[in-house]
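Each chain is listed here by its residues.
Protein chains: 2
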Amino acid sequence: MKLTISKNELNEAIQHVAKAASPRPTIPILGGIKIEVTYQGITLTASDTDISIQSFVPIEHEDTVYAHVEKPGSVVLPAKFFVEIVKKLPSDQVEIEVNSQFQTQIRSGSTDIQMVGLDPEEFPVLPSISGNESFSIPGDLLKAMIRQTVLAASTNEQMAILTGVLWTLNEGNLKFVSTDRHRLASRNAVVNAPQDMRFHNVVISAKTLVELSKLVPEHHGEVEIVVADNQVLFKIDNILFFTRVLDGTYPDTSKIIPQTYKTELVLDTKKLTDAIDRAYLMSREEKTNIVRIVTLEDESIEISSSSTELGRVTEQLEVGRMSGDPLRIAFNSKYMLDVLKVIDSEQILIGFTGAMSPIVIKPTDHDHSTYIILPYRTTG
Amino acid sequence: MKLTISKNELNEAIQHVAKAASPRPTIPILGGIKIEVTYQGITLTASDTDISIQSFVPIEHEDTVYAHVEKPGSVVLPAKFFVEIVKKLPSDQVEIEVNSQFQTQIRSGSTDIQMVGLDPEEFPVLPSISGNESFSIPGDLLKAMIRQTVLAASTNEQMAILTGVLWTLNEGNLKFVSTDRHRLASRNAVVNAPQDMRFHNVVISAKTLVELSKLVPEHHGEVEIVVADNQVLFKIDNILFFTRVLDGTYPDTSKIIPQTYKTELVLDTKKLTDAIDRAYLMSREEKTNIVRIVTLEDESIEISSSSTELGRVTEQLEVGRMSGDPLRIAFNSKYMLDVLKVIDSEQILIGFTGAMSPIVIKPTDHDHSTYIILPYRTTG
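Heads up: the protein sequence lines correspond to chains A and B, in order. Going by our numbering, the first residue of the first sequence is number 267, and it counts up by one from there. Going by our numbering, the first residue of the second sequence is number 267, and it counts up by one from there.
Here chain A stands alone, though its shape is the one from the complex (with noise of 0.2 Å):
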């Protein structure tokens, strides 16, 4: 194998990949990076078997030359080093040549690199899931559904099920759920899928849709998404992202959210954070997060919280709009501020059906976002 490439395409396929390559490797060559030469590009993969991430960069793109390949050829590079160094190289072009036993030579302007490489045969294979279906989503939305989604992720890995995201499709619907039991966050949008493709139980690792989300640059196109028995694979322009689903049934959620409510409020978004905010300073003191808000005669809310060694913060809010019984109810705040931070809408609504039923909250202007926290039985 030997190749001439423009550094910074490297070291952009190379930043992409990195993230799948295990930083503590049970076997060396999991905290490698494979680099697969051909006459049409150099393509760059890493796995730690759960999630793996394909780079591809074309020998030439629009007239750009990015590649010179002198000959084909594979070798596995661990990561850490390779990641860093490739960064630091001094010159535009880097020189790349490896003999048959995977030894590596890599050159740029007056740096000489000897590197000991690894047999690409004894990489992980990639998952096949050619054949299968697939829908796609802009790129800004799927970011969003993973940022509106992932917060009410449990992060207990005892509870492995609760730290995915549960992903359904049904009539060109696809939509989100997750929960750890103390709170839900449900997002749905239309995307373009074929009319009769479905599925259900997907369940994917929160800390993967993360990692996910930052591989799609911000007002991309399309992402291209194809579900496969236990894989999920994610196109974005030259990158792969491959994914396990997490095993197990998620628990069925569809009843837990009321349709109807005593209580309902309309609030400003911005002012119920801040004032939230401020009592959660003084809550957090006391680990329970505990605020409370009671509703005034005057269509607005009071809302405060209390340490016994610190003393009390106590907010008093407008209400846009305010209908039902008067109420009075105690919740985790940092759940609360979790929801807020994430609404993208001026105004939301809350809704109660009592001091000891779940809190629903929702934007105004769509319906496409559900959450729920569940409050505290207090005293007082």
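Take these hints with a grain of salt, some might be off.
Heads up, incomplete: computed chain B residues facing chain A, CB under 10 Å, no partners named [claimed, not checked]:
id	residue
1	Lys-337
2	Leu-355
3	Gln-367
4	Thr-535
5	Asp-540
6	Lys-600
If you're looking for bench data, these hints aren't it; they were derived computationally from the structure. Source: prediction; values computed, not measured. Ideal Cβ placement from N, Cα and C applies to all residues, glycine included.
Here the structure of chain A is known, so what remains is to put chain B in place on it, guided by the hints.
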């Protein structure tokens, strides 16, 4: 005590002093910020007994009114919550009222906060060091001198005195020296001091100097410095920064610095930094960070490092000027990088007196900085 104060001024003053409040105080009062209100202004103080910071907000400044005092008084409030809540208050104005039991009420917009205050009589008294002589130094120069010396101070708390930077003043020449026994940094400058003012063995914690440095704004005027027996006071506009000096006698380092060299190299600082940085990446894999420099025949040097598992990096670098004996030397590349990163000059001189003797590094355009690193004894 009762006053109204501009949120921004109060917030800025709090941020300045907050660093001196103990994050995990042994007694609650050390985790507090003392607020003293007079008809002249508001004084905030925090102290963990090692360092103390005081910031003053005048009632008005250049026709802008910052505060309105209804009743003077003082109180101590828990720093952590106070620091964060003031930043987040909704209105530009903050009203603070304290009753005789130090119960404190903070009002801003529709936010009402009750805080449990502490008795200011229990707060540590600041050192009294008036009457001592002072000198002054431009803020940017002080920041540069700190940045260019703290790197060589020890981080090993077992060698307490070496965790500090040694200050001496003699005939208007201020000198900073730091060493951890493997390397040494020395920086001096002429300052505005009374003719007969002199001191030696004033050792100030490197960590404290870094904190002090952050308090000095860029392009700030003169910082006034008062040196007393076991305290140093820095005056930065309306901020007073007190620090204890470290106990013990700083070792004599005057005879360590070689005055003549057997080999001299003049090199481009940026190019050398980049080359050593690449070699460092490889050397880091072997915990020792060993990088070698060998002089070549053709007015150039070879910089190299190797790792048994990863491979080898070799760099060739042109030398601006080379004189004396051929050389082969090994050193800790991390130490060398630490030095190169704080040298602001385009070219540096490296002086060697043999493979086992201290390596001297100096900028070529002035004689105010000297760095030393000890080489490694290696075979081959």
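Tell me, which hint numbers fail for this structure? As far as the earlier hints go, 1, 3, 4 and 6 are violated by this structure, in ascending order.
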